[in-house]
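Colleague: Sequence:
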Amino acid sequence: MTTDITELAQRMKAAAEKATPGEWWADDVKNEGCYGSGDDCVEGFTSYAIYGSDGQTLFDSLNSDSACISEEYDGEGHVAWDETAQRNAEFIALANPANVLALVEALEKTRQRIEELESDLSEWTDCKHDGATYYDMSGQERCGRCGADI
Numbered sequence: 102m103t104t105d106i107t108e109l110a111q112r113m114k115a116a117a118e119k120a121t122p123g124e125w126w127a128d129d130v131k132n133e134g135c136y137g138s139g140d141d142c143v144e145g146f147t148s149y150a151i152y153g154s155d156g157q158t159l160f161d162s163l164n165s166d167s168a169c170i171s172e173e174y175d176g177e178g179h180v181a182w183d184e185t186a187q188r189n190a191e192f193i194a195l196a197n198p199a200n201v202l203a204l205v206e207a208l209e210k211t212r213q214r215i216e217e218l219e220s221d222l223s224e225w226t227d228c229k230h231d232g233a234t235y236y237d238m239s240g241q242e243r244c245g246r247c248g249a250d251i
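Start counting the sequence shown at 102; every next residue gets the next number (my numbering).
Treat the hints as calculated values from the structure; they're not laboratory data.
Careful, some of the hints might be misleading.
Said to hold, decoys possible - Just the calculated beta-carbon pair ranges, DEER-fashion: (1) C228 <-> A199: 39 to 49 Å; (2) S154 <-> A233: 56 to 66 Å; (3) K210 <-> A249: 22 to 32 Å; (4) N132 <-> Q213: 43 to 53 Å; (5) L204 <-> H230: 36 to 46 Å; (6) E191 <-> E118: 17 to 27 Å; (7) R214 <-> T104: 21 to 31 Å; (8) E184 <-> E209: 31 to 41 Å; (9) P122 <-> I251: 53 to 63 Å; (10) T104 <-> R246: 33 to 43 Å; (11) S171 <-> I106: 29 to 39 Å; (12) E219 <-> P122: 29 to 39 Å.
Even glycine gets a Cβ: it sits at the ideal position worked out from N, Cα and C.
Between the sequences and the hints, there should be enough to build the whole structure, so can you do that?
Modeller: Okay, structure coming up:
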């Protein structure tokens, strides 16, 4: 499936303008949720949340169906965290409205510059070599407008 990048950029811009403004960040949340089943059921693991600039929780991964609990044992005890939620939370925090708007603006400026360059290129490729000429270092006469050999 291919996506028209211009349409996608406009949809992302519209969504970003409606979303909670400001900086977003991901952080861990200690909870008492269970994972595993039967005798392997364990309570307590770290999930992740996205917070807005005012500190309010924008998103919490605790009830995610895609949880993948990773465990680590060391001298200080047992640690468990939702690896999928950690990766997704970090991505979502980076895809905050300000960053999306910055990317869309950069894309728009790039497209505008490409159009300008293509317009300039058409002037060069449509050159009839009827203007001033110059001689390069090798003595070759060249068009002063497009640089082509005359």
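Colleague: Quick check: does the Cβ-Cβ distance between N132 and Q213 fall within 43 to 53 Å?
Modeller: Between N132 and Q213, where Cβ atoms are some 48 Å apart, the hint holds.
Colleague: Taking the Cβ atom of R214 and the Cβ atom of T104, is their distance within the range 21 to 31 Å?
Modeller: 22 Å, holds
Colleague: Looking only at beta-carbon atoms, does the pair S171, I106 fall within the given range of 29 to 39 Å?
Modeller: 36 Å, holds
Colleague: Is 29 to 39 Å a correct range for the gap between the Cβ atoms of E219 and P122?
Modeller: 36 Å, holds
Colleague: Can you let me know if the beta-carbon spacing of P122 and I251 is within 53 to 63 Å?
Modeller: 59 Å, holds
Colleague: In this structure, is the beta-carbon distance linking K210 and A249 contained in 22 to 32 Å?
Modeller: 31 Å, holds
Colleague: Between S154 and A233, is the Cβ distance one that fits in 56 to 66 Å?
Modeller: For S154 and A233 the Cβ distance comes to about 59 Å; the hint holds.
Colleague: With respect to the beta-carbon atoms only, verify the hint that L204 and H230 lie 36 to 46 Å apart.
Modeller: Roughly 42 Å apart at Cβ, these two residues keep to the hinted range, so it holds.
Colleague: Does the beta carbon distance between E191 and E118 stay inside 17 to 27 Å, or does it fall outside?
Modeller: 23 Å, holds
Colleague: Holds or violated: the 39 to 49 Å window for the beta-carbon distance between C228 and A199?
Modeller: 44 Å, holds
Colleague: Does the hinted range 31 to 41 Å hold for E184 and E209 at CB?
Modeller: 36 Å, holds
Colleague: For the hint 33 to 43 Å, verify it against the beta carbon of T104 and that of R246.
Modeller: 40 Å, holds
Checked against the numbered hints given earlier, the structure satisfies every one of them.
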